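K.L.:
Sequence:
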Amino acid sequence: MVTKKRAVALIGACFFAIFGLSACAEQYRTSDSRDEEVDETKTQLYVQNFDGGFGSDWLYALAERFEEFYRDESFEEGKTGIQIHISKAKTDGMSLLADLDATSAEVFFNESVYYYDYLAQDKLLDITDIMTENLSEFGEEGTIEGKMTDEQKAYYQSDKKYYGIPHYAGYNGIVYDKDLFDLYNLYFKNVPGKSVLIDSETDEKSAGPDGKLGTSDDGFPATYEEFFQLCDAMIEMGITPFVWAGQYYDTYVEKVMYALCVDCEGLEQTMLNYTFGGAEGGTATNLIGEVNENDGYEKLAPLKITTENAYNLWRSEGKYLSMKFFERVVKNKDYYTKNVFSPAHLYTEAQKDFIESRAEGEPIAMILEGCWWENEAKSVIQECGDRNGEEYAPENRHFGMMPFPKASQEDVGEKSTIVDTHYSLGFIKKSIDPSKIKAAKKFLKFACTNQSLNEFTVYTNTVKALKYTMTEENLDKLTYFGKSVYELHNSSDIVYPYSPEKVYLDNQSRLSVHNSYYSIVNGGEKARPITYMRENVNNGAEEYFNGMYVYQLRNWENVYGRYYD
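Numbering (our numbering), first residue to last: 85 to 649.
Read the hints as simulated data drawn from the structure, not as lab findings.
Since the model is a prediction, treat every value here as computed from it, not as a measurement.
Some hints here could point you the wrong way.
Claimed, not checked - Each computed EDC-like pair below joins lysine to aspartate or glutamate, with the alpha-carbon atoms no more than 20 Å apart:
{"id": "1", "residue 1": "586", "residue 2": "243"}
{"id": "2", "residue 1": "417", "residue 2": "517"}
{"id": "3", "residue 1": "436", "residue 2": "470"}
{"id": "4", "residue 1": "514", "residue 2": "160"}
{"id": "5", "residue 1": "408", "residue 2": "433"}
{"id": "6", "residue 1": "383", "residue 2": "556"}
{"id": "7", "residue 1": "273", "residue 2": "263"}
{"id": "8", "residue 1": "245", "residue 2": "217"}
{"id": "9", "residue 1": "513", "residue 2": "206"}
{"id": "10", "residue 1": "520", "residue 2": "160"}
{"id": "11", "residue 1": "514", "residue 2": "266"}
{"id": "12", "residue 1": "163", "residue 2": "201"}
{"id": "13", "residue 1": "273", "residue 2": "294"}
{"id": "14", "residue 1": "436", "residue 2": "475"}
{"id": "15", "residue 1": "525", "residue 2": "263"}
{"id": "16", "residue 1": "262", "residue 2": "243"}
{"id": "17", "residue 1": "415", "residue 2": "382"}
{"id": "18", "residue 1": "567", "residue 2": "556"}
{"id": "19", "residue 1": "513", "residue 2": "316"}
{"id": "20", "residue 1": "408", "residue 2": "470"}
{"id": "21", "residue 1": "520", "residue 2": "243"}
{"id": "22", "residue 1": "522", "residue 2": "141"}
{"id": "23", "residue 1": "567", "residue 2": "263"}
{"id": "24", "residue 1": "526", "residue 2": "234"}
{"id": "25", "residue 1": "525", "residue 2": "266"}
{"id": "26", "residue 1": "525", "residue 2": "235"}
{"id": "27", "residue 1": "522", "residue 2": "201"}
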């Protein structure tokens, strides 16, 4: 029976990893070498994977180990062992829902899976048992549930039952070419009270955004102002600071802008945007008044947030400062390549421009991308090496996720906060043949062991959206980029932008990243801040930010009044 909470019907929202299988990883078979011929003496399990930036090689390796682990196990009468068949999907979870029962697959790994949409249609199998039982059968202690954050547990438990497991994490940010940074000494020097770049690689680098010397972010811009100082220095050296995909420029830049906002706001303040205070309440401590044309504003007193007054969250200081940061980026044509606002400039072309720029003598320092980009672009990295020699071979390329700078010197040292907006999920469809349920549950559970999580990271140089520790042996297999993603994942607070509150479950589309930037400017509604700030000559960020509060205030009662009237 579908309960009231599970019957919440959501409006789907559009949201939007990592070459380098190491020599050690190549021992596993991939999709090109795996024998898919059916062996009728074994249980047959069909698994579908969204074959996007994270790829499918990790799943083939997982399937091979699972088959070996259960080679002598009987899941069905008269059969011994199991055979996993993998299909690659190009449609995400929003498109999958309508055809879920019709597809032959039984276990799924996908993204943009709006969990309560699936629950509302009673499409998911109850997997509470594998989430809460010990993993000792696989040689480890603890449970899958224990690898989740409190926010994940609250969201994925529907009436105290689980129907899905968080899959991979999708972090957007600034990716930099470390080799270029090293070649041109694009790091800050440890000179108290001054912001100057190092003169040589032997100079001591400054403490970066974490405010500590001797850590991985040494030398990186500690503040927004230092970041733009670095960009200006790049231009003087003949380096273009940025490239991104013109095909989806609003999405690419906007998502990184939101990620910067989250880092500025922190976990607790950001989550108010999804809980509206929730049952335990919450206080907004970062609200500001209207911003004037000279970038001036007043900080407001802390405000206890409830559903009735949560429109105030649209005037948070982090929202404004992150918009102002990217206004400076998009308004300075020297900061980016000429095609970043062209719809014809595909994401694959942006990746190619970035990867090949140094070899072609027109270096680009950074790309706005996601943590999956290196896996997605691994063939381009290989081709660049093939054409340009050993210096550009994949094993000699070093990219990294740049730690975000802080808004001001007073914020330096605050813990990093990152956001995962992919809504990826592993699940079993409820309409699975009952004789397959045991095997399907074992497979999903096996995929969440520490060994499997380590293996996923080795194959993709990304991370799963769970808590786990890489072994030193497996860390050594990662690319430089993979290590930077893993470190970011483990050293940061993580925002999963959802909550179990009814106001969120009923309004997921409105509260999505992309749909939360509506504004009213000069009496007209606007939806895309990047476009507006780029085209507006003066005060674009100020006008757009002020208008977001006006938009929410004007529409709040009609949209959310039923939750507090």
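K.L.:
Are the hints correct? Go through all of them and say.
P.N.:
The hints, checked one at a time:
1. 586 / 243: holds, 13 Å
2. 417 / 517: The given pair, whose Cα atoms are some 58 Å apart, is violated under the 20 Å limit.
3. 436 / 470: holds, 14 Å
4. 514 / 160: Distance ~19 Å between residue 514 and residue 160 Cα, so the pair holds.
5. 408 / 433: violated, 28 Å
6. 383 / 556: Violated, at roughly 46 Å.
7. 273 / 263: Holds. Residue 273 to residue 263 sits at ~18 Å (cutoff 20 Å).
8. 245 / 217: holds, 13 Å
9. 513 / 206: At roughly 9 Å apart (the allowed maximum being 20 Å), residue 206 and residue 513 satisfy the hint.
10. 520 / 160: holds, 8 Å
11. 514 / 266: violated, 53 Å
12. 163 / 201: violated, 36 Å
13. 273 / 294: holds, 15 Å
14. 436 / 475: holds, 17 Å
15. 525 / 263: violated, 44 Å
16. 262 / 243: violated, 48 Å
17. 415 / 382: violated, 25 Å
18. 567 / 556: holds, 11 Å
19. 513 / 316: Not OK: residue 513 and residue 316 at ~53 Å, beyond 20 Å, violated.
20. 408 / 470: Status violated; Cα separation ~41 Å.
21. 520 / 243: Status violated; Cα separation ~25 Å.
22. 522 / 141: Violated, at about 24 Å.
23. 567 / 263: Given pair residue 567, residue 263 holds - Cα atoms ~15 Å apart, limit 20 Å.
24. 526 / 234: Cα-Cα ~24 Å, so violated.
25. 525 / 266: violated, 48 Å
26. 525 / 235: Cα-Cα ~23 Å, so violated.
27. 522 / 201: At roughly 25 Å apart (the allowed maximum being 20 Å), residue 201 and residue 522 break the hint.
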